[in-house]
Amino acid sequence: MSSGRGNDSSWGQRCFMSDAKQMMTQPVGILAAMDEELVILVSQLLRASESQHGGVRFLTGEIEGHAVVLGQCGIGKVNAAMATTLMHMLFKPKAILNTGTAGGLRDDFEVGDIVLGQNVCYHDADATVFGYAYGQVPQEPARYAADEVLLTAAARAGQSLDSVRVHRGLIASGDMFLGDEQARDLVRTRFPGVFAAEMEGAAIAQVAAHLQVPCLIVRAVSDLAGEDAKMTHEEFLRVAADKSAQLVVATLNEYDKLL
Numbered sequence: 001m002s003s004g005r006g007n008d009s010s011w012g013q014r015c016f017m018s019d020a021k022q023m024m025t026q027p028v029g030i031l032a033a034m035d036e037e038l039v040i041l042v043s044q045l046l047r048a049s050e051s052q053h054g055g056v057r058f059l060t061g062e063i064e065g066h067a068v069v070l071g072q073c074g075i076g077k078v079n080a081a082m083a084t085t086l087m088h089m090l091f092k093p094k095a096i097l098n099t100g101t102a103g104g105l106r107d108d109f110e111v112g113d114i115v116l117g118q119n120v121c122y123h124d125a126d127a128t129v130f131g132y133a134y135g136q137v138p139q140e141p142a143r144y145a146a147d148e149v150l151l152t153a154a155a156r157a158g159q160s161l162d163s164v165r166v167h168r169g170l171i172a173s174g175d176m177f178l179g180d181e182q183a184r185d186l187v188r189t190r191f192p193g194v195f196a197a198e199m200e201g202a203a204i205a206q207v208a209a210h211l212q213v214p215c216l217i218v219r220a221v222s223d224l225a226g227e228d229a230k231m232t233h234e235e236f237l238r239v240a241a242d243k244s245a246q247l248v249v250a251t252l253n254e255y256d257k258l259l
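Residue 259 is where the sequence shown ends in the UniProt record's numbering, and the numbering goes up by one at each step.
Since the hints were made in silico from the structure, they are not lab data. Do not rely on the hints blindly, as some may be mistaken.
[Claimed, not checked] Derived BS3-like pairs (lysine-lysine); straight-line CA-CA distance at most 30 Å:
| hint | residue 1 | residue 2 |
| --- | --- | --- |
| 1 | Lys257 | Lys92 |
| 2 | Lys92 | Lys77 |
| 3 | Lys77 | Lys94 |
| 4 | Lys94 | Lys257 |
[Claimed, not checked] Derived CB-CB ranges, DEER-like:
| hint | residue 1 | residue 2 | range |
| --- | --- | --- | --- |
| 5 | Ala48 | Met89 | 16 to 22 Å |
| 6 | Glu64 | Thr128 | 43 to 49 Å |
| 7 | Asp180 | Gln26 | 42 to 48 Å |
The beta-carbon is built from N, C-alpha and C at its ideal position, and this holds for glycine as well.
Let the hints inform the model, and build the full structure from the sequences given.
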């Protein structure tokens with residue numbers, strides 16, 4: 001019986017072109033916890049349309065010719081997971097980037113350094129009594145790897161920015177601000193070589209992994225954790241947030257080149 005497709009080769013080519021076109025018109029999702037981390041992106045958004053869903057603020061539009069959907073998820077893992085799920089259900093992004101700030105956990109870090117989350121994990125999950133690694137949620141991987149295409153795009157984008165140091169490494173997430181040496185050093189001890197700590201990234205990456213959406217966590221260092229973290233974070237929040245957002249915009253350009 002005829003399939004009705006005519007020439008299989010031309011049918012396959014049409015399907016490929018249709019899929020490619022759909023991929024190019026799908027937005028890239030960009031999530032940030034706080035208004036301060038999103039403000040520079042909102043200022044660049046053209047043809048903006050705003051909506052609220054489940055308490056999450058979403059804005060659609062274009063940045064430098066790229067279709068995007070911005071989401072202000074709120075602070076913490078549950079808020080981040082909910083916003084990621086809503087973004088996927090409502091806007092079907094082809095990829096998700098998380099931009100924002102973090103506490104740097106390496107001695108050689110400076111405020112404004114950017115960390116690309118090559119892997120992300122939880123630093124406040126403990127099911128070790130059942131044989132899981134510290135930070136591993138039962139029946140989940142111990143770490144969530146970044147999408148390689150996004151990671152490559154972001155690394156290339158970093159090379160185009162002046163006076164910005166870009167690193168690739170492990171980012172740890174937890175529902176706590178590391179505002180004293182004891183908390184900071186505990187994370188360092190449990191996750192040797194960890195680059196930064198924040199409060200949303202691993203939750204976003206976990207949801208994206210389940211939904212099979214490419215994902216990358218991007219964070220700029222606003223403080224070096226420890227005793228002075230609160231004061232330093234408040235002072236340099238906007239500086240660090242803007243650096244992270246600038247890299248994310250540059251990543252949009254590089255990402256489209258790789259698709």
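Verification of the supplied hints:
1. A distance of roughly 20 Å separates the Cα atoms of Lys257 and Lys92; the hinted pair therefore holds under the 30 Å criterion.
2. Distance check on the hinted pair: Lys92 and Lys77 sit about 21 Å apart at the alpha-carbon level, within 30 Å; holds.
3. Distance check on the hinted pair: Lys77 and Lys94 sit about 22 Å apart at the alpha-carbon level, within 30 Å; holds.
4. With a C-alpha separation of about 14 Å, the suggested pairing of Lys94 with Lys257 holds against the 30 Å cut-off.
5. The hinted window of 16 to 22 Å between Ala48 and Met89 holds, with their beta carbons roughly 21 Å apart.
6. Between Glu64 and Thr128 the Cβ separation comes to about 46 Å, which falls inside the hinted range of 43 to 49 Å.
7. At about 43 Å, the CB distance of Asp180 to Gln26 agrees with the hint of 42 to 48 Å.
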